[in-house]
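2 protein chains.
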Amino acid sequence: MTDDAPTDPPDGGPDESSHLVGEGVARREDAALLTGDATFTDDVDAADLAYLTFVRSEEAHAEIESVDATAAASIDGVLAVYTWDDIAASDVPGVLPISTHGLDCDPPGHPVLARDRVRYQGQPIAAVVAEDRYRARDAADAVEVVSDPLPAVVDQREAQEPDAPTVYEDAPDNVAAVSELGNADATDEAVAAADRVVEVDLTNNRLIPNALEPRAAVARWDAGDERLTVEMTSQSPHGHRGKLSTTLGLPESDIRVVAPSVGGGFGHKGHHHPGEAAAAFAAMDLDRPVKWTATRSENYFAGAHGRDHRTRAELAVDDDGTIRGLRVETDADVGGYGLGGSLSMPGWYGSLLSSQYDVPAIHCETRAVFTNTTPIHSYRGAGRPEANYVAERLVGAAARELDFDPAELRRTNQITDFPHETAVGATYDSGDYELGLDEALDAAGWDDLRDRPNRDDEGRYLGVGLACYVESTGGGHESGVVRAHPDGTVTVYAGTHSHGQGHGTTYAQIVADELGIDYDDIDVNEGDSDATPTGTGTFGSRSTITGGNAVAESARAVREKARKFAANLLDAPEDAIEYEAGEFAAPEHTDDTCSFADVAEAAYGWGVPEGMDPGLEATTFFEQEDTAYTFGTHVVAVAVDPETGAVDIERYVALDDCGERVNPTIVEGQVEGGVAQGIGQARYEAAVYADDGTLQTDSMLDYAVPRSFHVPDIQTEATVTPSPTNDLGVKGIGEAGTIAAPPAVVNAVCDALEPLGIAHVDMPLTEERVWSAIRDAKE
Amino acid sequence: MTDDAPTDPPDGGPDESSHLVGEGVARREDAALLTGDATFTDDVDAADLAYLTFVRSEEAHAEIESVDATAAASIDGVLAVYTWDDIAASDVPGVLPISTHGLDCDPPGHPVLARDRVRYQGQPIAAVVAEDRYRARDAADAVEVVSDPLPAVVDQREAQEPDAPTVYEDAPDNVAAVSELGNADATDEAVAAADRVVEVDLTNNRLIPNALEPRAAVARWDAGDERLTVEMTSQSPHGHRGKLSTTLGLPESDIRVVAPSVGGGFGHKGHHHPGEAAAAFAAMDLDRPVKWTATRSENYFAGAHGRDHRTRAELAVDDDGTIRGLRVETDADVGGYGLGGSLSMPGWYGSLLSSQYDVPAIHCETRAVFTNTTPIHSYRGAGRPEANYVAERLVGAAARELDFDPAELRRTNQITDFPHETAVGATYDSGDYELGLDEALDAAGWDDLRDRPNRDDEGRYLGVGLACYVESTGGGHESGVVRAHPDGTVTVYAGTHSHGQGHGTTYAQIVADELGIDYDDIDVNEGDSDATPTGTGTFGSRSTITGGNAVAESARAVREKARKFAANLLDAPEDAIEYEAGEFAAPEHTDDTCSFADVAEAAYGWGVPEGMDPGLEATTFFEQEDTAYTFGTHVVAVAVDPETGAVDIERYVALDDCGERVNPTIVEGQVEGGVAQGIGQARYEAAVYADDGTLQTDSMLDYAVPRSFHVPDIQTEATVTPSPTNDLGVKGIGEAGTIAAPPAVVNAVCDALEPLGIAHVDMPLTEERVWSAIRDAKE
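Residue numbers (my numbering), protein chains in the order written: chain A, 15 to 793; chain B, 15 to 793.
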C-alpha cells in the first residue's frame with residue numbers, strides 16, 4: 015500500500031481546486047457489499063420461485079444411451095425434468111452460440127442439455143425444477159442416466175497424436191482452429207541470422223476462476239408481455255441478452271437481462287453458460303420464476319476454466335543483447351466445446367508476445383485443441399498473461415544464457431518511440447518504458463537485491479526476478495447516458511457492469527467534475543439492459559476507457575445544454591454565462607444566479623423556452639478507435655528453502671502505468687488483486703485431470719486458491735503517461751497484476767535456483783515441485 | 015360502429031402502399047388484457063410481501079384526540095401500525111405536494127396520515143402493515159381512534175356563507191384560490207349592449223372515477239442501493255416519481271416508478287394519493303416489500319373525485335343570433351384538500367368556455383372552495399367537460415329564447431378562420447367547424463328529427479339536441495426513444511403510459527412506417543421511469559401528439575443513421591442509397607443489398623466504420639409548442655316517458671375531428687368510451703353527501719355507473735383536418751366523448767320537455783329527477 019489512503023470527496027465543482035478525478039475517493043459501494051445489504055442474484059427472491067438443478071455427467075466422454083426421469087418426476091414438489099428431447103420438441107434452438115471473432119473455423123455449439131454425447135465431466139444432461147433447491151437436488155440424484163463410456167483425452171498435445179481419442183468426428187486431429195500471426199519467413203531469417211537462439215517449452219497452467227459468488231440466474235417470463243427477464247451474474251448484460259436471444263430463439267427486444275450486485279467476474283461471468291439458458295427455458299415452460307445457482311463444485315466442474323497453454327518458443331538474440339526475432343508455437347486447450355473466449359483469445363495473445371521490446375520479426379502459430387475437459391474461456395487477462403509469460407520467461411532465459419543483468423537486457427531492447435507499431439501490427443499508443451523500469455528497480459532496491467549472497471543465514475536460496483509487460487486495454491464501444499432529473503440529481507447509465515471495479519465511484523467522480531455538481535447527487539446505474547441503450551460490458555480492462563469516456567462525453571453535452579437554459583433563465587447571452595461550483599452567473603448582465611437544479615427544473619418544466627429542446631440528458635456511444643497500452647514492471651525477491659521447497663516472497667514491487675488515474679486507490683486495489691491472482695497461478699493453482707477426464711481438483715480442498723497470508727505485501731508504484739487515444743487520457747488496469755506477476759515470480763525463483771543449475775520449474779511452483787526440482791538437480 | 019373493422023397489419027415497408035398509419039390495426043395488447051395474462055399492480059407478488067391497509071376517518075370533520083394501536087399491534091402477523099407521529103419522527107416530510115400551476119394561492123398539502131384533524135370522510139389516520147391483507151384489515155379495525163367531531167360543510171356555495179364551518183382556519187371563507195380570465199369591462203359592455211342576456215345556473219355534478227382496476231402500489235426498498243422501487247397504477251410514472259420524491263424526501267435519482275398494466279385511469283391515476291407514499295414509507299421502514307390495494311369502497315371514499323362545479327353564466331346575444339359576450343362565475347369544489355388538478359383546472363376550463371363560437375368578450379371568475387368532502391382532481395376531460403357544458407347549455411337556452419334552430423344559431427356563430435385567437439387568449443390551430451356540424455346533422459337526419467311530432471305513439475316526449483365542442487389537446491413535452499437492437503428488432507420507449515389507449519399498437523404503427531420494418535419487430539415499452547428518459551404521462555388527450563411525434567422523430571433519426579451505415583456496408587455514397595421495405599440498395603453502384611437487421615448488426619459490431627458513431631438509436635424530447643384543438647358535434651335524439659321519467663336515447667351520432675387518425679378503430683373506441691362516460695354523467699352518476707359529510711353513494715349499489723345496456727349504439731363519424739402543430743398532423747381524442755355528451759343529452763331532454771315549459775333539469779337526469787320535473791311542470 016502506498017500513502018494514498020482513501021479520502022472523503024470534497025464538494026464537487028468545476029474549478030481546478032475541486033477536481034475529483036485523480037483523488038482516491040472512498041468507494042461508495044463498499045458499505046452495502048461488506049455488510050450484506052447488497053443484492054446478489056441468489057438473494058433475489060420471488061413469489062412462486064422454483065429451483066433448477068442440473069443432472070451432470072459423471073464421465074468426461076460418453077454416449078448417452080438413455081435418461082429415465084420417471085423416479086425423479088414422481089418426487090413430491092418436482093415440477094419438471096427436462097432433457098434434450100424437451101428442447102428439441104420446443105421452438106428453442108437450445109445451443110449456446112459461439113463467437114469465433116474472425117477465426118476460420120466452425121466449431122460446434124454447446125447444447126444446453128447434452129444431445130447424445132457428453133464431452134467433459136460435469137456437462138449438463140438433464141435439468142430438474144422443483145419447489146425448493148433441496149428437492150431439486152434429490153430429484154436430480156434420482157434421474158437415471160445410462161451411458162456408454164468412450165476413451166478420453168485431456169492433454170492438448172496428446173490430443174493431436176494420431177491414435178488419440180476423437181472429441182468430434184469431423185475434427186479427427188482434435189484441432190478446432192489454427193491461427194497464425196506475423197511473418198514466418200522474416201522470423202526464420204532472424205532466427206538463422208542471430209548469434210543465438212534461446213528456447214523454452216512452457217506450460218501455462220489451467221486455472222479455475224474463483225469468484226466469491228458462483229454463477230446464478232433467476233428467470234421470469236411475463237406471458238402478458240411475452241417478455242423474458244433474466245437476473246444473473248453477468249459482466250455484460252447486453253452481451254448475455256444477445257446470447258440468450260440466439261440460444262432461446264427470442265428477439266432481443268423480448269429479453270431483459272439485469273445484473274444485480276455481482277461478486278467478482280474475471281471473465282467467467284462474461285460467458286454464456288447452460289445455467290441461465292436452462293432457467294429461462296424452464297421459466298417460459300412453467301410460467302413461473304426459476305432460479306439456478308451453481309454450487310462451488312459445479313463452478314469447478316462446469317464453469318469455464320482459464321489459460322491452459324503449452325508453448326514452444328524461440329528468441330533469436332545477438333550476443334550484444336539485441337533481440338532479432340521471436341517464434342512461438344502454442345497449443346491452446348479449448349476443452350470439450352470451443353466457445354467464444356477460447357477461440358478468440360489467440361488474437362490478443364499473439365499481439366503481446368513481444369512485451370515491451372522492439373522485436374523486428376515475430377511469428378506465432380496457435381492451435382485451438384479440443385479435449386475432454388471443461389471448456390476454456392477468457393480469464394482475467396485473457397491471452398495477455400499467457401503471452402507475457404512466454405515473452406518474459408524467454409527474456410529471462412536469454413539474460414541467463416548471455417550472462418546479462420536481466421534488467422539491462424530488457425533496457426537494451428525497450429521500445430522508446432511512440433506510437434510504435436509491432437511486427438504483428440499492434441500499435442502501442444504511448445509509454446515511457448525505461449522510466450517505468452528504472453523506477454521499479456529503484457523502488458525495489460534492485461542493485462542491492464542483485465548483490466545479495468546466493469543464500470541467507472538459514473540456508474535459503476535468494477533470488478530476484480522481474481517482468482515487464484504491455485497490456486492492450488479497452489476496445490469496442492460503450493454507451494453512457496447522463497440524465498439530470500427535474501430536481502437536479504443525476505443518474506449515470508453505462509453499458510459496462512461493475513463486479514468489483516467500483517464504477518459507482520469512478521464514474522461519479524468523472525461526471526461530478528464535468529458537471530460541476532455535488533458527487534453525492536450523482537447515482538450510477540449499470541446492469542439493466544432495458545435502462546441502458548447498449549453495452550459491451552466489463553472485461554479486458556476496458557471500462558474506464560470506454561464507459562468512462564462515454565459518460566464524460568455525455569456529461570459535457572449536458573453541461574453545454576444546461577448553459578443554454580441558464581442563459582435563458584438569466585436573460586443573458588450564452589457566451590456571457592460563467593459556471594462555477596454548480597452555479598451559473600452572468601456578472602456583466604445580472605446579479606442573479608441560477609443553480610444546476612434550477613436549470614434542471616426549467617428543462618423539465620411545462621413549456622420550455624422557444625427554440626430549446628426540453629430535457630437535460632445526453633447519450634454517447636463511445637467508440638475506442640485505438641487501443642490504449644498499459645505497461646509496467648514488477649520486481650520480486652524470493653527466498654527458497656531447499657529442505658521444503660517453500661518459496662517466500664520477501665519483496666514485491668509493482669510499478670504500473672495506466673495513464674491518468676481516475677481513482678488511485680481503486681487502481682492500487684486492482685493491481686493488488688491482480689498480483690494476488692498472478693501469484694495464485696505462479697505458485698498454487700492448477701486444474702488437474704486424471705487420464706480418464708476426471709477432475710482431480712474439484713473443490714477448494716484440492717484446488718489451492720491463495721489465502722491472504724499467501725500474498726505478500728505489495729508495494730504499488732506508478733508512472734503516469736496519459737493515453738492520447740481518449741479525452742480522459744486513461745488506460746485500463748484491471749488485469750495488469752495477472753500479466754506481470756507469474757513471470758516475475760518464476761523468474762525470481764529460477765534466479766534463486768540458478769546455483770543449482772535449475773533454469774525452469776513449471777507453474778504452479780508448489781513446494782513439492784520446487785523441492786523435486788532441487789532434489790533432481792542435486793542428484 | 016362504422017365499417018372500419020380492425021384489420022391485421024400488412025407487412026411493413028416505407029413505400030406508399032404499406033403505410034400502417036391510418037389503418038385500423040387490431041390492438042396487440044388485447045389478448046393479454048382480456049385473457050388474464052396481463053400483470054396489474056395487484057398481481058405483482060414478491061417474496062416476503064407485506065400488506066398495508068388504512069384506518070380511515072369515519073367522520074368528515076374532526077379533531078383527532080388519540081390513536082391507540084396497542085390492540086392492533088398485538089395481533090399475530092401485524093408488522094407495524096403507523097400514525098402521523100411515526101412520520102414526524104422520521105426524515106420523511108410525509109405531505110403530498112401541491113401543484114398550483116401559477117395560481118396565486120398557497121393551499122395546504124395532504125398529510126399521508128392525518129396530523130391532528132381530518133377534513134373528509136375516509137381520510138387516512140393510521141396505516142397497518144401485516145403478513146396478509148386479511149390480518150391487516152382485522153388489525154385496522156382494532157385501532158382505536160378517539161376524535162372530537164366538528165361541524166362539516168359539503169356545498170361550495172354554502173361554504174362561502176359567513177356562518178359556514180371553516181375547513182382551514184387561515185381561509186375563513188373557505189376559498190382556496192380565485193382565478194380570473196378574460197376582460198371584465200369588455201364583457202360588462204357586451205352584456206349591456208346586447209339585445210338580450212340569457213342566463214343559466216348549472217350544476218356540474220360530482221363524479222367518482224370508476225376505473226376497472228382500483229388504485230394499488232407495491233413498494234420495495236433496496237437497502238444496498240438505497241433505492242426505492244414503486245410499482246403502481248400510474249398514468250405518469252415520472253410524474254409520480256417526482257411527487258414521491260417530495261413526499262418521501264428522497265432525490266429523484268433514488269426512486270424508480272414502474273407502472274405495469276393499468277386498468278383505466280381517467281385522471282384519477284395521474285394523481286398522488288396517500289397509498290403509494292404510505293406503502294413506500296412502510297417498505298423503507300420494514301425493509302420488505304409492501305403492497306397496498308384500495309378496495310372499491312376506498313376508491314369511493316378517498317380516491318380523488320371529479321367535476322363538482324356550480325356555475326352562473328350569462329350569454330349576451332343579439333336578436334339576429336350574434337353572440338356578443340359571455341360571463342361566467344363558477345364555484346369549484348376542491349374538497350378537504352385542494353391538490354394539483356383541482357386548482358389548475360380553471361385554466362383549461364376558462365379557455366374553452368366559448369366552444370366553437372366567435373365570442374368577442376369573455377369574463378370568467380372561478381373560485382376554488384374547500385369543503386369537507388373528498389378532494390377533487392382532474393377527471394377525464396379535466397375542466398373541458400365543465401366548460402363545454404356551460405357553453406352548450408347556454409347556446410341551447412339562447413336558441414330557445416330566440417326561437418332559433420339550435421343548429422342554425424351555432425352555425426351563425428361558428429369560427430371559420432384559423433388559426434383563431436379567442437377572447438381569453440386560446441389559439442385554435444385548425445378546423446372546419448361548419449363541415450363537422452353539417453356532417454353530424456346529416457348523419458343524424460337532423461331535419462327529420464326536428465320535424466317529428468312532440469310525442470310518439472306511446473305518449474313519450476320526443477326531443478333532439480346537439481352539442482358542439484372544442485377540446486384543447488396535448489401540451490408539454492414527452493420523450494421517445496427508438497432503439498434498434500443488434501438483431502434488428504426495435505424497442506420504442508415513451509414517457510406516456512397506456513392505461514387502455516393502445517399505445518403499443520399505435521406507436522408501433524408510427525415507427526413501422528418511419529423505419530420501414532415489420533410491425534411485429536417493434537416492441538413498445540412504457541411505464542418504467544428507469545428505462546425512459548423522462549415522461550409527462552398520459553392524460554389531457556396528449557399521448558399521440560406528444561409521444562407519437564417523439565417516437566416518430568426518433569424513428570426518422572434512426573432511419574437516417576441506418577442509411578449512413580448502409581452506405582458504408584454497400585460501399586456506395588449515401589445519396590445513392592435507396593430504401594424500401596426494410597432493404598437498402600444502391601442500384602447504380604452495386605447489386606448487393608443489406609437489410610435493416612444487417613445495419614443494426616454492423617452498428618453494434620466490434621469496430622464501426624471510421625467517422626461513424628456506433629449504436630442505432632435516437633432519443634427525442636418532443637415539445638408541443640402549440641395546442642392542437644380537436645372539435646366535433648354530437649347529436650342526440652331522445653324519447654322521455656312522462657309516467658316514469660325514463661329517458662330513451664334513440665339515436666347518438668358522434669362526429670369528431672382529431673386530425674390524422676393513426677388508428678381509426680382505436681379513435682372510435684375512445685369516442686365510444688368517452689360518450690359512455692358522458693352519458694354516465696348526464697344520466698346516472700353523482701356523488702351525494704349528507705350534510706354531515708357522510709358519503710351516501712359509497713358503493714356501486716348507490717353510485718350508478720352506466721352498464722352496457724344503458725349505453726345506446728353510438729354512430730361514430732369523422733372529418734379529418736390535419737393539425738399544423740405537429741408533423742403527424744394529429745390531435746387528441748381521449749376525452750372528446752365526455753365533453754360533448756353531457757350537454758348534447760341534456761339539450762335533447764330539454765328539447766323533448768319544452769312543450770311542458772321545462773327549460774332545465776340538473777344532471778344526472780335520473781328517472782326520479784325527470785319525473786319530478788314533469789310533475790312540477792304539470793302542477
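There's no promise every hint is true.
What the hints assert, rightly or not - Every beta carbon over 10 Å from chain B, so not counted as near; a handful from chain A, in silico:
no. : residue
1   : 80
2   : 217
3   : 225
4   : 239
5   : 500
6   : 504
7   : 618
8   : 626
9   : 713
As the list claims (entries may be wrong) - Distance windows between CB atoms, simulated:
no. : chain 1 : residue 1 : chain 2 : residue 2 : range
10  : B       : 89        : A       : 59        : 20 to 28 Å
11  : A       : 702       : B       : 606       : 51 to 59 Å
12  : B       : 621       : A       : 592       : 55 to 63 Å
13  : A       : 182       : B       : 226       : 42 to 50 Å
14  : B       : 311       : A       : 588       : 38 to 46 Å
15  : A       : 49        : B       : 594       : 53 to 61 Å
16  : A       : 59        : B       : 727       : 50 to 58 Å
Source of the hints: derived by calculation from the structure; they are not laboratory data. Quick caveat, the model's predicted, so the values are computed rather than measured. Every residue, glycine too, gets a C-beta built ideally from N, C-alpha and C.
Check your understanding: Tell me, which hint numbers fail for this structure?
Key -> Those not satisfied are hints 4, 5, 6, 7, 8, 12, 13, 14.
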